[in-house]
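These protein sequence lines map, in sequence, to chains A and B.
Positions in the first sequence are counted from 1; adding 2 to them yields my numbering.
Positions in the second sequence are counted from 1; adding 12 to them yields my numbering.
The set of hints was computed from the structure by calculation and includes no laboratory data.
Errors might be hidden in some of the hints.
[Unchecked claim] In silico lysine-lysine, DSBU-like type, Cα no more than 35 angstroms apart, as pairs:
id	chain 1	residue 1	chain 2	residue 2
1	A	LYS24	A	LYS59
2	B	LYS67	A	LYS11
3	B	LYS30	B	LYS15
4	B	LYS15	A	LYS110
5	B	LYS15	A	LYS75
Fair warning: this is a prediction, and the values are worked out from it, not measured in the lab.
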Amino acid sequence: AQRVTQPEKLLSVFKGAPVELKCNYSYSGSPELFWYVQYSRQRLQLLLRHISRESIKGFTADLNKGETSFHLKKPFAQEEDSAMYYCALWAEYGNKLVFGAGTILRVKS
Amino acid sequence: DVKVTQSSRYLVKRTGEKVFLECVQDMDHENMFWYRQDPGLGLRLIYFSYDVKMKEKGDIPEGYSVSREKKERFSLILESASTNQTSMYLCATWRGNSPLHFGNGTRLTVT
Numbered sequence: 003a004q005r006v007t008q009p010e011k012l013l014s015v016f017k018g019a020p021v022e023l024k025c026n027y028s029y030s031g032s033p034e035l036f037w038y039v040q041y042s043r044q045r046l047q048l049l050l051r052h053i054s055r056e057s058i059k060g061f062t063a064d065l066n067k068g069e070t071s072f073h074l075k076k077p078f079a080q081e082e083d084s085a086m087y088y089c090a091l092w093a094e095y096g097n098k099l100v101f102g103a104g105t106i107l108r109v110k111s
Numbered sequence: 013d014v015k016v017t018q019s020s021r022y023l024v025k026r027t028g029e030k031v032f033l034e035c036v037q038d039m040d041h042e043n044m045f046w047y048r049q050d051p052g053l054g055l056r057l058i059y060f061s062y063d064v065k066m067k068e069k070g071d072i073p074e075g076y077s078v079s080r081e082k083k084e085r086f087s088l089i090l091e092s093a094s095t096n097q098t099s100m101y102l103c104a105t106w107r108g109n110s111p112l113h114f115g116n117g118t119r120l121t122v123t
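Full structure from sequences and hints, please.
What follows is the structure, encoded as structure tokens:
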């Protein structure tokens with residue numbers, strides 16, 4: 003069965019420090035992975051997807067099939083990055099998006 | 013820009029009441045989803061629909077049903093609300109190669 007694991011419920015860093023939000027997945031097929039973000043009082047929105055291989059708001063994520071990981075990284079955190087981050091896997095079987103439990107990122111000044 | 017509108021932002025209902033959560037989208041997307049969002053559990057799929065009058069159970073369908081009579085509207089129904097259904101409910105739409113588009117959510121409290 004498909005599963006997404008985000009081991010940290012809360013990650014607290016200082017402004018300017020590097021950030022890494024961890025995501026591991028379990029899926030027998032070819033995975034399609036996403037990071038979604040929810041800022042305070044805003045709707046959940048797509049941050050980035052692995053097939054795009056782009057950097058959004060300074061964030062990048064690389065799919066590592068050997069380690070079954072899709073960690074989200076940013077070299078220098080900013081206060082406006084504080085939000086809830088969800089890693090998600092598109093499961094072709096069942097045609098649905100499976101989410102991890104989410105990680106709250108808190109960037110302190 | 014895709015617009016997904018959930019009719020209520022906050023809802024308070026009593027145990028045993030029948031509850032309707034409405035979701036409307038304006039982009040002609042075939043696929044619509046209902047998730048619930050709980051701290052520590054993330055988003056869990058309740059039901060989804062890939063066409064009018066079509067529905068599929070998600071991971072936690074118990075205690076819920078859905079209705080999709082028109083393409084733009086997807087309703088989530090709690091036949092007899094219970095306190096463990098207190099949660100944030102998120103509607104989302106999707107088509108083809110695009111990402112999921114979410115509504116603002118409905119925070120339901122069952123007392």
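Cross-check of the supplied hints:
1. A:LYS24 <-> A:LYS59: Satisfied, since the Cα-Cα distance of roughly 18 angstroms is no more than 35 angstroms.
2. B:LYS67 <-> A:LYS11: Distance of about 32 angstroms is within 35 angstroms: holds.
3. B:LYS30 <-> B:LYS15: Holds. LYS30 of chain B to LYS15 of chain B sits at ~27 angstroms (cutoff 35 angstroms).
4. B:LYS15 <-> A:LYS110: Holds, at roughly 33 angstroms.
5. B:LYS15 <-> A:LYS75: holds, 29 angstroms
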